[in-house]
Amino acid sequence: MNSFLKAENLKFSYINNIEEPPVRTEVLKGVSLDIKKGEFVALLGHNGSGKSTLAKCFNAINIADEGKVYSCGFDASLEENLLPIRQRVGMVFQNPDNQIVATIVEEDVAFALENMGVEPSEIRRRVDEALKTVGMYEYKDHAPHKLSGGQKQRVAIAGILAMKPQVVLLDEPTAMLDPSGRAEVLKTIKMLKEEMGVTIVLITHYMEEAAQADRIVVIDSGNVVMDDVPKKVFAQVERMKELGLDVPQVTELVHHLRQQGVDLPCDIITEDECVKALYELLK
Amino acid sequence: MAIIKTENLTYVYGEGTPFRKVAVDSVNLEIEEGEFVGVIGHTGSGKSTLIQHLNGLLKPTDGKVFIDGEQLWEDKKRLRDIRFKVGLVFQYPEYQLFEETVYKDIAFGPKNMGLSEDEIDRRIRETARMVGIREELFDKSPFELSGGQKRRVAIAGVMAMEPKVLILDEPASGLDPKGRDKILGQIREYHKEKKNTVLLVSHSMEDVAKHAGRILVMNKSKLYMYDTPVNVFAKADELSNMGLSVPQITRVFKRLSAMGVNVGEEVYTVYFAKDLTMKLLSNK
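Same order as they appear, the protein sequences are chains A and B.
Heads up: the first sequence begins at 1362 in my numbering, then just goes up one per residue.
Heads up: the second sequence begins at 170 in my numbering, then just goes up one per residue.
Simulated from the structure, these hints should not be mistaken for lab results.
Since the model is a prediction, treat every value here as computed from it, not as a measurement.
The C-beta atom is built at its ideal place from N, Cα and C for all residues, glycine as well.
Any given hint could be a false lead.
Derived list of chain A stretches under chain B, where covered just means 3 residues or more per stretch with a C-beta under 8 Å from a C-beta of chain B [as the list claims (entries may be wrong)]:
#, region
1, 1527-1540
2, 1561-1572
3, 1598-1609
4, 1619-1632
5, 1635-1642
Once the Cα atoms are required to be at most 27 Å apart in a straight line, the calculated DSSO-like pairs of lysine-lysine come out as [what the hints assert, rightly or not]:
#, chain 1, residue 1, chain 2, residue 2
6, B, K448, A, K1417
7, A, K1644, B, K448
8, A, K1592, B, K404
9, A, K1429, A, K1397
10, A, K1637, B, K246
11, B, K347, A, K1593
Chain B extracted, bound-state conformation (with noise of 0.2 Å):
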């Protein structure tokens, strides 16, 4: 069953003011449950609004959301629990902490959900050991910590509530190479034990293409496509023209075919173009 479905999803900024703008426009949507979604799109694509509305922060202008089969807004004294659902951790979390110690910012979203102090304290131990926090570092205040660290309490914050949908708007923007490999593969961790829905959106078409089972892609308000990576990345041309881009080694394959090699497959990762590769030379 889809985790998340939308009809007909609209929302306009601005209704009856010259500003009017339409930021999303009729997406049709359906993510089944246990899917790593990438979201990619240019700036002012409507990515961010359209994940807004998942756990019902914005409310649609037009159109239905369902989240685990419930609409959204039907029942206004059903949203609290619908939103427990859908975890979002904005870009930049790390201006979010303000708790005094690591251990009570991540308490923080479990406490609100009502559970005992045992399980809140179990959700803590776990989400800090998978994004990496020390036990350690629990008494310390969450500014004192590093940078990288930090933005990894905030998002444990969100993962301890343990929400069926996890939504990272960028989580890895302002980090090194190694803080960005470090956290994208715990998020994959977290998913692969939780077998959870998450939503990972990014600038980074390697990130994506690297991580992402599937690939949403917006484009001028409107949902483009919802489609694997290879049948996403297949389209490189049409994607450089809404301001995105696909990576660097499916644009190396991609001039190699048009060479004239047999390249045979599309290739979005490294590890595969390395594989690739030796088949390639070894038929030779």
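Okay, chain A solo, but in the shape it has when bound (with noise of 0.2 Å):
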């Protein structure tokens, strides 16, 4: 099957039962999108665009009010299907303190195949193999509230890749984290999706992270409104900004001299591509 993640006009809306009479705000407006197995893709939008909601319908955690969801197969609107789906599509959240639950690095990473059922033989075999493929397995007697937040992250990510899992949304996995442990959560998630096969869906307000995805995704006001390969979307600039958003500091440098005149390509999103390409022009 080609298509692991998709949606299919999908709406969906927030009740606000507090409020006499209820209020209720639409978030997502129609949404139709198809993420293919082993794809990178990096979500974006500006705070309340519906990134985050989008995201949590793909394990289950919202149910659409209208449209279809379907993951990993699995149309996310049957109740029997919660189970399967969230086993295949692991979440990791913004706030490393918030998603740890156990009291040593290793305990916490078996904590859902216990909850599974898993034989405990496995789940020691899965433990170590998850932990050594993020990287901390020498941590792994460690109290987790005395690691790093970057290393927090990778016990957080350890601990959904032992329920071998397919697809993994990572919601603003690094917003809180130091430029190292950025550097560290980012490389993890490329080494997933190349060596595993995983299927990334990173949302994330730092550009620089977006532009190592296969393919962008820009939500706005509940609607995707680019979906394209990042040297594509970084190429509108104004577009970027009017959305919220930014660009790369190489693609905004870029864009400024080409508006000087200077005989630059558009496409410029990485360091490297910056630096071959202005020293062609300076040397």
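Mind docking these for me? Both chains are given alone in their own frames, and the hints should help you get the complex.
Here you go:
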């Protein structure tokens, strides 16, 4: 099967029951999106655009009011599919302290497996493997609260890996981290995609991170407004700024230079490309 | 005169227990009045512990803290007045909103200072304008606002106390790029208008490079350096070894320079990079 996460004309509203009469806020207004197996998609949008709400529809935390959502082939609107979906689609949230439940790293990673009733010897094997994958094996006996933010997020990712997921959704996993923590988490994400074929959906406000994805989807007021490879998306500097977003610094520099009439390609989004292009110009 | 001064400031957590940790180690620092200081450091470097000393939330294990020439903790009765001089905005300050209306929430700090109603009203209107909160929102519950608005109300509440030093711990964390630029721009405007001292704690090297006149770097509980952005970002390798980085644009020009392009100067903002490139091109 080719399409792995699929939304068809998806509509979703939050309902505030405290008010009388209840207030309905429509957050997703007919989203259609098709994500293929093994793809690394960055999901961008300003605060309140609906990107987190969309991500939560893919692991059936939110159930569509209208339209259809399929995750790994399962219809997310059917109650009997909730467990199979959640076993296949893992989620990592922004604040590392909100998603660690145990007092020892390896127990935290084992938490979901214990709940799934996996054999103890198999749990041991999978926990070790997951911790090695994210580079946290030597910390398996440590207390999670003593780790750095980046290390905690890698432990959270290991907890999901141990479940052998097909998809990992990450909702601003690097927002609270220092630069090296951000780099650690991003390296881990890319390794999951490249070496294990995991499908990745990354929500982020860091444009340099989004530039490393295969594809960027931009959500604005509940609709998909851009969906293309990073080079094509970031080439539209003015449009991105209108949407409350940004572009990588190198893209912005090239954009300003082009406006001054300097002959440079418009699709520079990485440091390497920028160094190369400027070197040709200035050498 | 230095508005903030520390002498051999040291703070130890869990003294006498197996968890003893020196969080701030012999820091000597002098920050001049009117500076806009970026504070950077890896997670656990001691930057939060350091700033909590500056308005007396923590008492030094050893060493001294001076605010506006006056030593904190010397006379406990003076502590309250000194605290009014140093406003501290914590991370995710929107979680600390509690009043019934936006107006009352911003009023809380100034009221505690014992100011007159007129003066309180003036300050609320002024700070709300500075952070872009319209007066129509004054009677609303803070909990009805968007995330970005809530955060700006919380910041206004501290600004309204007109502290000589305003310290903000990651005020832009979790905001989208536009929200981030807006809030940091407003803080900079406030600094320009009030000519006070601002300390901005951030994990974004790009934001610090764009706004700060000086940068304070904490590393493993010690003050690593306190210097201009040019001098700080010149130490790219050292910063990277301590879990930090330099802006992307700085890395690009360092690499160009290593490849033999005569860049000449340290680059740390996009605008400077643009002007420099144009200059280099016209000199060719």
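Hints versus structure:
1. 1527-1540: holds (count 6)
2. 1561-1572: With 3 residues in contact (Cβ-Cβ under 8 Å with chain B), the coverage given for the region 1561-1572 of chain A holds.
3. 1598-1609: holds (count 5)
4. 1619-1632: Coverage by chain B holds here, the residue count being 3 at a Cβ distance below 8 Å.
5. 1635-1642: Per the Cβ count (5), the hint holds.
6. B:K448 / A:K1417: violated (49 Å)
7. A:K1644 / B:K448: Holds, because 14 Å separates the two Cα atoms, which is no more than 27 Å.
8. A:K1592 / B:K404: Cα-Cα ~31 Å, so violated.
9. A:K1429 / A:K1397: Holds, at roughly 17 Å.
10. A:K1637 / B:K246: Roughly 62 Å between the alpha carbons, so the hint for K1637 (chain A) and K246 (chain B) is violated.
11. B:K347 / A:K1593: holds (21 Å)
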